[in-house]
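Participant: Each chain, letter by letter, is given below.
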Amino acid sequence: MFTQRTLKFLSYIFICLIFITGYSAQAQQRTVTGKVTSKSDGVPIPGVNISVAGTSTGIVTDFDGMYSIEVSGSDAVLVFSYLGFLSQRETVGDRNEINVALEEDISALNEVVVVGYGTQKKSDITGAVSSVASEELTAFPVLSGEQALQGRAAGVAVQSNNGGEPGAPIKIRIRGGTSINASSDALVVVDGFVGASMPPPEDIASMEVLKDASATAIYGSRASNGVILVTTKRGQIGKVSIELNSSYSIQEVNNTLDLLDADEFADYRSSYSDDFTPGNANTDWQDVIYRQGSIASHQVSFSGGGESARYYVSGTFFDQKGAIINSDLERFSFLANIDLDVTDNFKVGLNTFGRRNSTNGVSTQAASGGAGSAGVVSSAYRFAPDLGIYDANDEFTINSLGDDIDNPFATATEKVNERVADLYRANFFAEYFLLENLSFKTTLGFSTYNALRGTFIPTTLISGAGVGGEATVENSRDTDIITENYLTYNEEIGKAEFKFLAGYSYQKSKGEDSFAGAREFVTNSVSYRNLGGGSTYLKPESSLTERELISLFGRINFDWDDRYLLTFTARRDGSSSFSKNNKYAFFPSGAIGWNMGNEAFLEDSELISAWKWRASYGVTGNPSIPAYGTLARFSEIYSVINDEITNAVAVTVLANDNLKWESSYQTDFGVDIALFKNRLNLTADYYKIQTKDLLFARPLPEYVGLANPYQIQNIGELENKGFEFTLFSRNFVGDNFKWNTRFNFATNKNKVVKLPNGDDIIIDSTPGHFLQDESQILREGEPVGSFYGYVYEGVIQEGDDIPEGFENEPGGELFADLNGDGQINSDDKTIIGDPNPDYTAGLNNEFLYKNFDMNLFFQASVGGDILNYTLLELASGDSNATTDVLNAYTPSNTNTNIPAAAVREKRVTSRYVYDGSYIRLKNLSVGYSLPNDIIERFGFQKVRFSLSGQNLLTFTDYPGVDPEVNYRNNNNERSNTNLGLDYGSYPNVKSYTLGVNLKF
Amino acid sequence: MKNIKLLLIAALLVVSCSDLEEEPVGILAPESFFKTIDDLQAAANGSFAYMASEKYWGRKLTLSLLLRGDMADIGDLGTSGRRRDVNNFEMTDDNGMITAFWPQSYAIIGAANQAIAGAERLDGNQEKINEVAAQAYFSRAFTYYHLVRIFGDIPYIDMAVADVSTVDNISKTPEAEVYENIIADLEFAKEMLPDTQPTRSLPSKATAAAYLASVYLTLEEYQKAYDESKYVIDNKGTFNLELESDFQNLFIPDNAGALKEPLFTIDFIGQSRDGDLGQDYLAPLTGIREDETGRSEGGGWTVAVPTLNVYDDWNGRDYRKRVSLDTTAIFNGEVHPFTEFADFSDRGVNRPHIAKYYRYPGVSGSNGRESSHNFITMRYAEVLLIAAESLNEINGGSSEAIGYINQLRERARNRDGEIANFPEDVSAGVSQSELRDIIIRERRLELAFEFKRWYDIKRLKIGEQAFGPNGLEPHPNFDPNRDYLFPLPGDELSRNPNLQPNNPGY
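One line per chain: the protein sequences are S and V, in this order. Position one of the first sequence corresponds to residue 136 (this note's numbering), numbered consecutively onward. Position one of the second sequence corresponds to residue 15 (this note's numbering), numbered consecutively onward.
Since the hints were made in silico from the structure, they are not lab data. Ideal placement from N, C-alpha and C gives every residue a C-beta, glycine not left out. Be careful, since some hints might not be right.
Ranges between beta-carbon positions, derived for each pair [what the hints assert, rightly or not]: (1) V/S447 x S/N782: 48 to 54 Å; (2) V/D182 x S/K886: 38 to 44 Å; (3) S/N717 x V/N491: 50 to 56 Å; (4) S/F650 x V/N517: 51 to 57 Å; (5) V/D182 x S/N782: 50 to 56 Å; (6) V/R331 x S/D962: 27 to 33 Å; (7) S/I966 x V/E104: 23 to 29 Å; (8) S/I966 x V/T106: 17 to 23 Å; (9) V/T106 x S/N782: 26 to 32 Å; (10) S/I966 x V/R331: 56 to 62 Å.
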């Protein structure tokens, strides 16, 4: 069945074919030969494109930089072009041999950058795009490409969701969170595979971060959070090149809390607890669970090829022992990219990637640290220091104050939490040049992700003891099929240059999950490997979700005389998960650019090498309507009748036939400037993103009768605006000494513009055992994630005027009675902090002196507040405490901000809101490359040794363990609002790395 | 080359056939769900399932009712504010207890409404359909009966809501009208339900009648209350009802299946749940901190604990006191009396603890959570008490009424087969008001900690006495003009301003 759309599209193809009739004038043929070398070092360059201007003739140089090409007539012009070098034109005249020395192109503005469905010269780009090069991504060993992006691009905030946990999910925000309830994760495209997960950084050639609508709108309904285009390494013409990268790092936790030791603890406890009996140990629990971690990372790659086939094959191995006992990760991956030129105008290729990730985790960031459920790190802080690991009966100790929790050693070593995830992805492509300037490309890709997670809680832990041990097994499989088909057509008419792109894409995603679990095991020894061995079973689950996406997209680029640029893009997405009445969404964008630097009045400027103004406006979408999310649904619910689990159903979701995607309307003004012969490059952007039709779980009147009385509706508006600044300077470019500086700086102001009915929405992110209901607020005019609670005014002093409600004795906590009614109650809560930083920045300096190189990379985040639940808990009297309590109020120590020791409700107050600003030396590395004349004798092209340190220095006033925090952030629903929360996270780590890089 | 072109274009076309309609597998759509009586039963079960939730009978509703009355006070003072505020009459309209059980109440009602609407769509034996639909009518009445007593005027929904806009702006339904609807639902249920069900977790004809009796008692329509309770008592053989011989047996989960006294139970099976459903915390909430008696791993939480007045007021010879309260616990391997409980936990208190749930949690997780209790919401003993109370109002000092009370006392004298001589029978010849006091006290002790007492205090308007200086649980803050009603959740009122104003004083 042809749909209307398909027919339209096909007719478009045919019209193109009819219009574009090739023209070729026949003239006398002769052969020109020659060699292409690099001007700087005279080394031959293989793979240089050589074309005869105005014809479809083109070839590339061979291994030795040699070429041979047929030309007709002496007017013919040869164009030599190669990535990273300035193109050169040679009129043939009567020469039969033309040797060319290409000059290296140091102008960043002339780099070719990858854009959606193609590439563009940087100077032609009208959108806001940041490029991150391979060297930056591999400056120090990290697990994932996402992590490597931290601090590298302006307006791209990258943070681990759980400190230094091996394999912790990485959260990326491009220009802030553009949603409240839907995901704000950027769309990742790997070699044209939309929605792929990133390969290891070692295999990445470059990353382009598309930020404004002009750049992203070609990805339509999935683009409002920005797009990261990942290009993996590919083979180049030349002899086989073998590269080996190995590094070994040791890691230790960045920081620990100063907690009371057993003696101090005894004094502290007896000061407010009459029946305290001290234990007989003195345990530093942080010391018990932390260890020296390590990372071994290895990569070997083979690349090369000839004129008709090129390859890049790589394997990586990554083995991390986390800084907490019993937390490990092992990953290996293979990546192969093959390019075949079947004929001059027909190319095919295959990209494949396979990866296994195995993790053995410890529980941290527990959503509730109540009886038997505390995480390892939070319990290391809380647990009584006067207890040992084992009690007199040789059983694990249980905390002697507060909720009953297992000791952290027991939790870390006894609980099993293993996960093995396999990813396999293959993407085939074929490109056919119908004409020299008209190509058709088709891709067909498939990916499958299989994960198995097994957990076991043995009877040696509280939560296992009550239930005879509990084991669970969770299986999930996600598969994706994608095909994209598009035509690219270029035309030059005089000074005008056009590029057209038109395409069609189809993607189908499928998710399958199953879960099983059991309790009451005879033994702790089978872990989760024999669920049948349990005698009671947890409710089994399985599910299937499918989504389809059908899209048409197109782009027109127009360039007049390298001065005036116009770009229009559009995409029309049809999604199965969109509602009945809104199946198709349209996302247009437009941009203009003015290469002022190419105007006559600047052309000869010594100072200004390039100066481009840009402006863009467009709409992009966020599709995060869950599959079937617009349909009414009866769900099976857990029910017990007659002491049996029985079939029961209830309506859990009401239909919403009009639900739409979220739309972000983005305006961007930018300027790209190159000064001093491209030595200094500046890019600045101002943007404003207005997200409308916010997918909002509107709280329904609860009498509607749903267990979860919410309905996703398009209500609410959000605004993000900011300023981004990027600088790249080649401070020194001498032969012996080079010094480059890269600096990026970004601000983002986030504001809730409209909420359902204008009502505040209160959010609770406190750990469950705090028994609180409120910690954050969404309020019109305020930033997302604002903390909400009481204002702490210090310690009650003798004679103070104390509002009623909470404490009233000297030494107690004094809170502000904001409405002045003499009472402290929930009416006195207010916004007590904003977790959004005022600005973030990255500063990277590379020095090259002869064979030595050095890299210094700082990263900073300034002005964001942190609400520290860990310190809140440690001050509650229900746990061990920080040494701050040594300065607690006593009748003889009244001049203090620390209230008298007591057991207090775990209220959210401004007392635990801190400035989370920091500057961090992310990486410091020193490398030495052996001199060429020595290594060449052994057949090497490069031998480099390096020594580096990560997170060596942190400048911050934050009293918590680490200012790079996240808590309860890894589900989409709250990932935008749970910002700047600190509770029991896996600590960040410091690493020392020794690396070697061999190439031959 | 042509072939390749054709191939590419073909590849393009292969994938273009989709209408983007979602056809979910494994997900049920309301329009097409109801096909058989079993489907209808599953929908009715949905309403019972929602009762067995942490947000309702598992904790939030029951703990609120327990604390609000004068038989249980806050034990651990460090427990959350929302609990203390319910207990201390300091509630605000954002109290975390009501914001949990309010929506859950309506979820139960919503599930019942879906079943009732489903019954209307279903073809077949109308009698059988009505028999199952009547369960949903009962659920709806049961839930509104709790709501109307707690909140007074409330939004009343009796249809399956498909489109929110149809109910967005409704106003509150006056209390009296809600009661009329509850009575109509219970009358339907009483007519259609069978005499007995395979399990007490499904309502029978007797269940509906007993609740009608309770509703009429609340409304002070004593004749009707008497008629309904008498109907149950007279037909107790048909309904397979009788008092359990040993009072303790009512609170041992393992016995639950065999009991003939319950008229309706909310079942939990222990260590089995899905999220909030199947999750109960009544054992830990009422249990003793740091206790090692071994009923459950880790002891209880000492949250809802009677005042010493409750203990002192209750004759120690009453077997029911022994069943209802724990006075000792084991710490560090040794038995200690309640006067030493606080020595072993910062958050402990030196008072006897409620034993009806904690003593025998059955199959359970840590602290006795996820117990296997089948919580009895109405038992035959209460039917006798309703009959006695209503009859005494009609015919003061009636010997029939006295006889009902004496049935309970006789049962209370049986301590595991050994017959004691306390509590003694009520002797004939007591006055109406003496008998009224005896009955109300009997209710308080017989049904202690079974979430009835607050409703009695409210119904009888005896708050000033109960919370006065000489009451069981003095609360100077108690305000009769405000505190007989809970506040409606403030966020609900702002979602639909037509529900305003809130109850007086909030």
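Participant: Each hint: holds or not?
Facilitator: Tested hints:
1. Here the CB-CB span from V/S447 to S/N782 is close to 52 Å, well matched to the stated 48 to 54 Å.
2. For V/D182 and S/K886, the Cβ-Cβ distance of about 28 Å falls outside the hinted range of 38 to 44 Å, so the restraint is violated.
3. Under the hint 50 to 56 Å, the C-beta atoms of S/N717 and V/N491, about 53 Å apart, fit the expected range.
4. Under the hint 51 to 57 Å, the C-beta atoms of S/F650 and V/N517, about 44 Å apart, miss the expected range.
5. Taking the beta carbon of each, V/D182 and S/N782 are about 32 Å apart, not inside 50 to 56 Å as hinted.
6. At about 50 Å, the beta-carbon gap between V/R331 and S/D962 misses the expected band of 27 to 33 Å.
7. Roughly 24 Å separates the CB atoms of S/I966 and V/E104, a value that falls within the hinted 23 to 29 Å.
8. Between S/I966 and V/T106 the C-beta distance comes to about 19 Å, which sits within the given range of 17 to 23 Å.
9. The hinted window of 26 to 32 Å between V/T106 and S/N782 is violated, with their beta carbons roughly 40 Å apart.
10. Distance hint check for S/I966 and V/R331: the Cβ-Cβ separation is about 59 Å, which falls inside the suggested range of 56 to 62 Å.
Going down the numbered hints, you'll see the structure goes against 2, 4, 5, 6, 9, while the others check out.
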